[in-house]
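Q: Letter by letter, the chains look like this.
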Amino acid sequence: MRPAIQIEDLTVAYGDTPVLWDVDLEVPSGVLAAVVGPNGAGKTTLMKAILRLVEPAAGRVLVEGKPYAEQRRLVGYVPQRGSIDWDFPTTVLDVVTMGRYGELGLFRRPGRRERDLAMEALAEVGMADLADRHISRLSGGQQQRVFLARAIVQDARVYLMDEPFQGVDATTERAIVRLLRDFRRAGKTVIVVHHDLQTVEEYFDWVTLLNVRVVAAGPVQEVFDEENLRATYGGRIAFAAPGGPPGDA
Amino acid sequence: MDLLGWWSDYTLRTVALGTATIGATAGVLGSFAVLRRQSLLGDTISHAALPGIALAFLLTGTKALPVLIAGAAVAGWLGARAAGGLTSVTRLKSDAALGVVLSVFFGFGLMLLTFIQRRPDATQAGLDTFLFGQAAALLQRDVVAMAAVGAAAVSLVALFWKEIKVQTFDPGFAASIGLPVARLDLLVTTLLVAAIVIGLESVGVVLMSALVVAPAAAARQWTDHLSGMVVLAAAFGAVSGASGALISASARHLPTGPVVVLCASLIVVVSLLAAPARGVVIRRARDRRARRRFGTRAVLSDLYALARQHDDPEHAHAAAVLEAMSGGRSGVRGDLEELERRGMARRAGDDGWFITDAGRARAERELEETS
Numbered sequence: 051m052r053p054a055i056q057i058e059d060l061t062v063a064y065g066d067t068p069v070l071w072d073v074d075l076e077v078p079s080g081v082l083a084a085v086v087g088p089n090g091a092g093k094t095t096l097m098k099a100i101l102r103l104v105e106p107a108a109g110r111v112l113v114e115g116k117p118y119a120e121q122r123r124l125v126g127y128v129p130q131r132g133s134i135d136w137d138f139p140t141t142v143l144d145v146v147t148m149g150r151y152g153e154l155g156l157f158r159r160p161g162r163r164e165r166d167l168a169m170e171a172l173a174e175v176g177m178a179d180l181a182d183r184h185i186s187r188l189s190g191g192q193q194q195r196v197f198l199a200r201a202i203v204q205d206a207r208v209y210l211m212d213e214p215f216q217g218v219d220a221t222t223e224r225a226i227v228r229l230l231r232d233f234r235r236a237g238k239t240v241i242v243v244h245h246d247l248q249t250v251e252e253y254f255d256w257v258t259l260l261n262v263r264v265v266a267a268g269p270v271q272e273v274f275d276e277e278n279l280r281a282t283y284g285g286r287i288a289f290a291a292p293g294g295p296p297g298d299a
Numbered sequence: 043m044d045l046l047g048w049w050s051d052y053t054l055r056t057v058a059l060g061t062a063t064i065g066a067t068a069g070v071l072g073s074f075a076v077l078r079r080q081s082l083l084g085d086t087i088s089h090a091a092l093p094g095i096a097l098a099f100l101l102t103g104t105k106a107l108p109v110l111i112a113g114a115a116v117a118g119w120l121g122a123r124a125a126g127g128l129t130s131v132t133r134l135k136s137d138a139a140l141g142v143v144l145s146v147f148f149g150f151g152l153m154l155l156t157f158i159q160r161r162p163d164a165t166q167a168g169l170d171t172f173l174f175g176q177a178a179a180l181l182q183r184d185v186v187a188m189a190a191v192g193a194a195a196v197s198l199v200a201l202f203w204k205e206i207k208v209q210t211f212d213p214g215f216a217a218s219i220g221l222p223v224a225r226l227d228l229l230v231t232t233l234l235v236a237a238i239v240i241g242l243e244s245v246g247v248v249l250m251s252a253l254v255v256a257p258a259a260a261a262r263q264w265t266d267h268l269s270g271m272v273v274l275a276a277a278f279g280a281v282s283g284a285s286g287a288l289i290s291a292s293a294r295h296l297p298t299g300p301v302v303v304l305c306a307s308l309i310v311v312v313s314l315l316a317a318p319a320r321g322v323v324i325r326r327a328r329d330r331r332a333r334r335r336f337g338t339r340a341v342l343s344d345l346y347a348l349a350r351q352h353d354d355p356e357h358a359h360a361a362a363v364l365e366a367m368s369g370g371r372s373g374v375r376g377d378l379e380e381l382e383r384r385g386m387a388r389r390a391g392d393d394g395w396f397i398t399d400a401g402r403a404r405a406e407r408e409l410e411e412t413s
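Top line first, the protein sequences correspond to chains A and B.
Oh and the first sequence: position 43 is 93 in this note's numbering, straight run, nothing missing.
Oh and the second sequence: position 26 is 68 in this note's numbering, straight run, nothing missing.
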């Protein structure tokens, strides 16, 4: 089976500072993959470079074996919740419907079908009763679930999610995990920028340890160990020994 | 020139229709500028248009409005692009880039204007009306042309509605679903330039941006829907434009721009204060009600706690005791009076209070709910 994402020699620089350096990465199809690394490791940039939201200095990205530009439709993106203005005048349902815009194409307006799909997705994330609510009157977790519902209606094969677990409540965390597993069952691939090292082993099958370069990438059981974590975080890290209880430092 | 002499209702109608068109178009495009946090962009475009007007006059020797406006459009558009270019090439932040472009273009424009007015052949050009606007000079054919440009701009917004909406709301996501975000951005900027330049003769380069920002900012206060905001901004813009022009037309030598700004500002102030949900007045009142509600609740539960320590249900406690129990919060007496009005507390003697049966029942219910 072709890998969901293949990245070859990817380098991104802002000015003369490299943010990602010579990144090679293969994420197999159908896995839940975490991308972890310290602040400034280039995790968000990696997402944006895959999506061509930033122009890489070098390298290429293949999605299911073909260049990203040809496969755009297969890839869904869940940006960081904090990247947008939640005071924008629109409702929950409207934001979720935006997940269909790519499929609709230019000029066509969303109709009943799009509305129904959006309502289904909202029900899946437990937000059906908030469909008509203005987005500024949502908690952080609810905002995140709106983004996830938008991703659901997009019906992509590969999802890139930027810190979906950041600052959410327990209900939302459970909803996200359930959704990730649903996606995996449906054969989708999800790549998640993740901060909480404690939950990597529980939530994900695959992990990429990133700090400008790829330190290690592979199945969680094989590469998520103390040595690689130290190499990634430079020894300034409190983490759980794999399989063991949370450690102090 | 005797202004009042040649005015007729017909002229006033032309002026009102023209400035209403300007205001409506600016309101629609201004909504997107405001939501994109590009309120300053309108200011830069309108100021940057000035050298375009002067150069168009110098190159063609004509004062025909379409020619001058075309010059304004080119310069305004270049100004907007220059600001965008500065942010991507240099380390300037967007507001600084906009400021730099504004002052450079505007300064150049003023220089050209001075040069034109000093020329011996001085038809005096009358170009200085472009600074603060003179709606009274509007001709019917100008209004028809402006309406055509405005209608075209608004139609394009309607045509690309969902694309512009998603790109304004979440540009990263918009790009990820394959929307041509750079071209959409260019489209919106170009339409904003069009909306601005058609208003320059009537409202002036200095204050035209008020018609871009003010109606949109006011409209945002009244609605939580993008379509509602855009329609309302168009209406506010039309009203500001028309009323400003009519007022300035009815007074001698009163430039239109400042009056339009005053009208638009009035709408903004009323909206900021009085709009439901977002208005300052309503929010204050709601906060006060909420504080009062929490206050009376706390006092009621204190009264209840005191009553349980005494066998006599009508044993009164001094207000000072209740104040002490609430940590010296002011407003405890007001809360007591509120409870008295609602029949949950009663006064005994000068400064004593006790809880009534109704109050007791209410306090028990609230205790259950919170436990």
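FYI, nobody ran anything at the bench for these hints, they're computed from the structure.
Note that CB positions come from ideal geometry on N, CA and C, so glycine has one too.
Heads up, a few of these hints could be off.
Pulled a few chain B residues facing chain A out of the computed Cβ check, cut under 10 Å [stated by the list, open to error]:
hint, residue
1, S73
2, L77
3, S81
4, L82
5, V208
6, A217
7, T265
8, L268
9, G270
To list a few chain A residues with every Cβ distance to chain B over 10 Å, as calculated [unchecked claim]:
hint, residue
10, G126
11, P129
12, F215
Q: Measuring Cβ to Cβ, find out whether A/P129 lies farther than 10 Å from everything in chain B.
A: violated, 5 Å
Q: Have a go at the B/S81 hint: is there a Cβ in chain A nearer than 10 Å to its own Cβ?
A: For B/S81, the interface hint is violated, since the closest Cβ of chain A sits about 13 Å away, which is over 10 Å.
Q: Should the hint that B/L82 touches chain A count as held when the rule is a Cβ pair under 10 Å?
A: The hint is violated - B/L82 has no Cβ within 10 Å of chain A, the shortest such distance being about 17 Å.
Q: May I ask you to test the interface hint for B/G270 with respect to chain A, counting a Cβ-Cβ separation under 10 Å as satisfied?
A: holds, 7 Å
Q: Report holds or violated for the interface hint on B/T265, using the least CB-CB distance to chain A and a cut-off of 10 Å.
A: At 6 Å from the nearest chain A Cβ, B/T265 passes the 10 Å test, so the hint holds.
Q: Report holds or violated for the interface hint on B/L77, using the least CB-CB distance to chain A and a cut-off of 10 Å.
A: holds, 6 Å
Q: Any Cβ of chain B at or closer than 10 Å to A/G126, or is the non-interface label fine?
A: violated, 8 Å
Q: If I take the minimum Cβ distance from A/F215 to any residue of chain B, is it greater than 10 Å?
A: holds, 19 Å
Q: With chain A as the partner, please determine if B/S73 meets the hint condition of a C-beta pair closer than 10 Å.
A: holds, 9 Å
Q: For the hint on B/A217, just tell me whether its beta-carbon gets within less than 10 Å of chain A.
A: holds, 5 Å
Q: Does the closest beta carbon of chain A sit nearer than 10 Å to the beta carbon of B/L268?
A: holds, 5 Å
Q: Are B/V208 and chain A close enough, Cβ to Cβ, to be under 10 Å, as the hint says?
A: Holds. Min distance 5 Å.
In terms of the numbered hints stated before, the structure departs from hints 3, 4, 10 and 11, listed from lowest to highest.
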